[in-house]
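Take a look at the letters that make up each chain.
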Amino acid sequence: DTEVTQTPKHLVMGMTNKKSLKCEQHMGHRAMYWYKQKAKKPPELMFVYSYEKLSINESVPSRFSPECPNSSLLNLHLHALQPEDSALYLCASSQEASYQPQHFGDGTRLSIL
Amino acid sequence: GQQLNQSPQSMFIQEGEDVSMNCTSSSIFNTWLWYKQDPGEGPVLLIALYKAGELTSNGRLTAQFGITRKDSFLNISASIPSDVGIYFCAGQIHNAGNNRKLIWGLGTSLAVNP
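Residue numbers (the working numbering), protein chains in the order written: chain C, 1 to 113; chain E, 114 to 227.
Where hints are given, some of them may not hold.
[Unchecked claim] Simulated pairs of lysine-lysine, DSS-like, Cα-Cα distance not exceeding 30 Å:
hint : chain 1 : residue 1 : chain 2 : residue 2
1    : C       : LYS41     : C       : LYS9
2    : C       : LYS18     : E       : LYS183
3    : E       : LYS183    : C       : LYS22
4    : C       : LYS41     : E       : LYS164
5    : E       : LYS164    : C       : LYS18
FYI, nobody ran anything at the bench for these hints, they're computed from the structure.
Keep in mind it's a predicted model, so treat the numbers as computed, not measured.
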């Protein structure tokens with residue numbers, strides 16, 4: 001079982017909806033990540049939080065808005081998404097040292113109608 | 114973006130056979146990681162490598178960090194049906210700035226015939 005928990009597992013939303021993806025870890029990790037993954041492709045980095053501060057934004061459109069309320073939680077707020085945003089959204093965490101490996105959750109399968 | 118050259122792209126083998134896959138790069142990496150991803154799940158870390166020449170095992174899996182620091186391989190011995198999935202390599206460069214970013218291979222899709 002993964003130690004990074006993501007909810008919901010599946011989400012279907014219209015292009016005008018607002019929804020949020022949630023991620024939780026209790027491993028004491030201080031770095032957390034959002035990735036987007038298309039079928040049969042590797043994950044693509046979106047955002048990195050370090051000590052609850054946004055440290056990397058990979059030029060992600062503003063319709064994706066990350067939030068890190070505390071060291072265990074990471075949210076991704078979604079608004080006015082496009083059909084091409086349909087994908088598997090993965091959360092990961094790692095110990096603070098940058099060379100420590102990232103551990104992934106099972107993702108949220110997002111479909112935009 | 115930058116990607117690693119991972120091969121083979123796919124493999125179809127008989128149960129009990131050994132499997133070998135590798136990743137190469139034109140850049141030097143400080144860390145090599147191997148992940149496995151099953152359908153509907155996230156990538157699971159199999160092996161992490163931190164030193165050139167390092168050889169590390171995890172059960173039937175063995176991975177090595179190439180001496181040149183530009184490549185890594187993963188071997189699976191005596192494959193079983195649950196080895197089916199997509200295997201990704203990922204490399205990391207420890208330098209200032211964007212050092213949390215993993216550079217990924219495109220994956221090796223493994224199918225095992227019982």
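Legend entry - Unmet hints by their number, sorted upward, for this structure: 2, 3, 5
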